[in-house]
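Turn these sequences into a full structure, and let the hints steer you where they fit.
These are the residues of each chain, in order.
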Amino acid sequence: MSRKKLSRREFVAATALSSAALITAPYVRGAYAAGKLSMGFWDHWVPGANSASTELVNEWAAKEKVEVQLDYITSQGNKNIVTIAAEAQAKSGHDIFQMPTWWPQANAELLEPVNDIMDPLIKLNGEVNGTVKYLGQADGKWLGVPASVGSQIKGPCSRIDLMKKYANIDVQEMYPAGSPPKADNWTLDTFLKAAEACHKAGFPFGIGLGETSDSVDTAGAIFQSFGAQLVDAKGNLTVKTDAVRQSLDYYKKLLAFLPPDVSAWDDASNNKWLVAGKGAMIMNPPSAWAVAKRDAPQVAEQCWTHGFPAGPKGRFAPYLPFFWSIWSFSKNKEAAKSLLSFLSQPASIEKMVVASGGYDLPAYEKLTTLKVWAEEGPPKGTLYHYPNPYKHQTLSIAASPAPPKVAQQIYFQATLTKMCLRYYQGEAMEKTLAWAEGECEGFMRS
Amino acid sequence: MVDVAFQPNRTAAAQSGRRRAGLRNALRRKSMSAFLMTLPLILLIAILVIYPAIYSLHLATLNKAMTKFVGFGNFEFLFKRETFWLVVKQSCIFAISAVIFKALIGFIVAHFVHNVPANKQRKWRGMLLVPWVIPPAMSTLAWLWLFDPSYSAFNYTLSFFGIGPIPWTGDAMWARFSVILVNVWYGAPFFMIMYLAALKSVPEQLYEAAAIDGANWWQRIWYVTLPMMRNIIAITTLFSLIVTFANFDIVRILTAGGPLDHTHIFATWAFRVGIEGSDIPLGASVSLFMVPILAVAAIFILRDITKRGNES
Numbered sequence: 133m134s135r136k137k138l139s140r141r142e143f144v145a146a147t148a149l150s151s152a153a154l155i156t157a158p159y160v161r162g163a164y165a166a167g168k169l170s171m172g173f174w175d176h177w178v179p180g181a182n183s184a185s186t187e188l189v190n191e192w193a194a195k196e197k198v199e200v201q202l203d204y205i206t207s208q209g210n211k212n213i214v215t216i217a218a219e220a221q222a223k224s225g226h227d228i229f230q231m232p233t234w235w236p237q238a239n240a241e242l243l244e245p246v247n248d249i250m251d252p253l254i255k256l257n258g259e260v261n262g263t264v265k266y267l268g269q270a271d272g273k274w275l276g277v278p279a280s281v282g283s284q285i286k287g288p289c290s291r292i293d294l295m296k297k298y299a300n301i302d303v304q305e306m307y308p309a310g311s312p313p314k315a316d317n318w319t320l321d322t323f324l325k326a327a328e329a330c331h332k333a334g335f336p337f338g339i340g341l342g343e344t345s346d347s348v349d350t351a352g353a354i355f356q357s358f359g360a361q362l363v364d365a366k367g368n369l370t371v372k373t374d375a376v377r378q379s380l381d382y383y384k385k386l387l388a389f390l391p392p393d394v395s396a397w398d399d400a401s402n403n404k405w406l407v408a409g410k411g412a413m414i415m416n417p418p419s420a421w422a423v424a425k426r427d428a429p430q431v432a433e434q435c436w437t438h439g440f441p442a443g444p445k446g447r448f449a450p451y452l453p454f455f456w457s458i459w460s461f462s463k464n465k466e467a468a469k470s471l472l473s474f475l476s477q478p479a480s481i482e483k484m485v486v487a488s489g490g491y492d493l494p495a496y497e498k499l500t501t502l503k504v505w506a507e508e509g510p511p512k513g514t515l516y517h518y519p520n521p522y523k524h525q526t527l528s529i530a531a532s533p534a535p536p537k538v539a540q541q542i543y544f545q546a547t548l549t550k551m552c553l554r555y556y557q558g559e560a561m562e563k564t565l566a567w568a569e570g571e572c573e574g575f576m577r578s
Numbered sequence: 022m023v024d025v026a027f028q029p030n031r032t033a034a035a036q037s038g039r040r041r042a043g044l045r046n047a048l049r050r051k052s053m054s055a056f057l058m059t060l061p062l063i064l065l066i067a068i069l070v071i072y073p074a075i076y077s078l079h080l081a082t083l084n085k086a087m088t089k090f091v092g093f094g095n096f097e098f099l100f101k102r103e104t105f106w107l108v109v110k111q112s113c114i115f116a117i118s119a120v121i122f123k124a125l126i127g128f129i130v131a132h133f134v135h136n137v138p139a140n141k142q143r144k145w146r147g148m149l150l151v152p153w154v155i156p157p158a159m160s161t162l163a164w165l166w167l168f169d170p171s172y173s174a175f176n177y178t179l180s181f182f183g184i185g186p187i188p189w190t191g192d193a194m195w196a197r198f199s200v201i202l203v204n205v206w207y208g209a210p211f212f213m214i215m216y217l218a219a220l221k222s223v224p225e226q227l228y229e230a231a232a233i234d235g236a237n238w239w240q241r242i243w244y245v246t247l248p249m250m251r252n253i254i255a256i257t258t259l260f261s262l263i264v265t266f267a268n269f270d271i272v273r274i275l276t277a278g279g280p281l282d283h284t285h286i287f288a289t290w291a292f293r294v295g296i297e298g299s300d301i302p303l304g305a306s307v308s309l310f311m312v313p314i315l316a317v318a319a320i321f322i323l324r325d326i327t328k329r330g331n332e333s
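Taken in order, these protein sequences are the chains called A and B.
Numbering-wise, the first sequence is residues 133 to 578 according to our numbering.
Numbering-wise, the second sequence is residues 22 to 333 according to our numbering.
The set of hints was computed from the structure by calculation and includes no laboratory data.
Glycine included, C-beta positions come from ideal geometry on N, C-alpha and C.
Think about it this way: if two alpha-carbon atoms lie no more than 35 Å apart in a straight line, the pair counts; the simulated DSBU-like pairs of lysine-lysine are: (1) K404(A) <-> K483(A); (2) K273(A) <-> K469(A); (3) K223(A) <-> K89(B); (4) K366(A) <-> K101(B); (5) K503(A) <-> K445(A); (6) K385(A) <-> K101(B); (7) K85(B) <-> K372(A); (8) K85(B) <-> K465(A); (9) K110(B) <-> K385(A); (10) K297(A) <-> K384(A); (11) K483(A) <-> K469(A); (12) K85(B) <-> K211(A); (13) K410(A) <-> K503(A); (14) K563(A) <-> K101(B); (15) K85(B) <-> K168(A).
Derived coverage of chain A by chain B (criterion: at least 3 residues anywhere in the stretch with Cβ under 8 Å from a Cβ of chain B; other residues may be distant): (16) 205 to 214; (17) 397 to 407; (18) 548 to 560.
Stretches of chain B that chain A covers, calculated by requiring three or more beta carbons in the stretch to come under 8 Å of a beta carbon on chain A: (19) 83 to 90; (20) 271 to 278.
Following this line, the structure appears as structure tokens:
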């Protein structure tokens, strides 16, 4: 039997080849060479809006060779915030979580800073508004990337016909599609007179005074229009001020012109009010109009979304952003950052906004004039002023500028709407203020 | 002289034989096999009930940021809050009145069903159990539509009689009434079925003897039925009281605690504070507040039952 002898030269060549193969093997890109990434995204109200996010994530995953797992988690029944609490406790779960308004701040210690991707994104897409900074930054650290998906302004959605007929206000003329608003006279006084006129005509404004987000957001914007804060940015109690008293007096007058059951309203009540054709105005993102388009087209074609009335201290509109945040326990932070950067490119953002029918609002200033808002209808241009393209109102959130962890309590305990209701039901002003002060003191515990 | 040569392994072998026999005997014992059979359930309860309970005790002793042990600090804080005492008051009103009405309705309906001819009883039992078998989150959604502030079906019906509109969920008193009503509707069938079972176990001879003694309907109930049902009434009441105190879904769906916090109970307020307000330690403290009170009530009720059991 012959046996081939390995020469010294052959041995050296074979060793060199196998060493090279061994060293380079991990860098050969297989199907999922860059690992796994899981994300929990908010399950969109608008049918079909999730598909744009899915397509974008899959496109990125195919390019980057990352295996992705995408879960859409509903906010119905607060499932998303319960999941956030569970993942924060377990320090395990998704790599990326789409967090609503207050949750990045509430979990600040458990989130990966994303300054390295936010700075280039701001350079690319333009500055973000103050509310995004207030909710998304802690000690100069970005806690998440502002997500266009789900972010919204809860401004007035008026009935063109009813406002013209009963309040003598042409909302289309005041907020013309394609040009800047002519809303100098659109003040809280005009708003109150319009509310009275529409109430008399049997079409009251549908503004809730319950304990859910829509009610709290409207109250927040009106309080801010008077310069009223319960707790200031430094954490001082500022309940017993003239601005707060003025806000309560204003709300007392307004409540007389609202439907009698508004104290029991939730976030669906105002939508139903508009779609049923019972009211001349609600404060909501365009989801109510979108439902009307499907269920009551004759109502939808009379809807016009526009800016908030101005108060003595300015014009404020409630803005509720979502953030894509990366948990600090994520095992693939680099891939997560790469995905968030991809999702925040102008083309990606436009794709998601279009899929949502214009519901989603990017936080960046260069992206508030996308074609979709000018084109959506009927009536055409109904959403033109929805993204605040001329920055004529300050985007804010109720309970700001209190330190976010205190503001979150004021917001979810609905302290503002409870104050209005107590005062409206006959409680003395000072008693209401003392009650609110006591509540806010409690919210400051650390 | 020794009879048997020294065998070092003999003692060990005997011991191991004894051990084997001991194990066999232990396995043969009924209590042992019962324990082994229930072991999976015990483990399940340990993982899903005992561990979370201990964990929530741990959470209740931490500060808001969950970085520091504060002992009873959260409870001290709660005791100074006006809203907390409002929640305590409401939880008691909610649980006690709901349990009283559930027991009363259950008792009355159980008697009706007991008197229905045997061949028709099954249908009635099935129909009356429907509220209890529907998941409460689903049935409460239907109630929410009936109570809807703007489109209430009840108000629509009442309007034909010139009544209303009633602010079912918008006024504090009506809102309390509404959540209690739904809880009674949901829980009464449980009482009914338990009481029906208890009624069926009362020996007929006792009623015959009472009839011979000339007892009227009320005396038969008071001196025969109620004493015979005492244990089941106590256990059902205790069980229902605990479950009603811990109720969440009905209030959460119907009123979410409003208006002005006037329908909040422990679980809904704990959720508001702990999950929505991101103050998990305080939320845990709220939910644990009733544990010692209910535990003492349970000890007394169960001790009474054991005493009566021993007497009989």
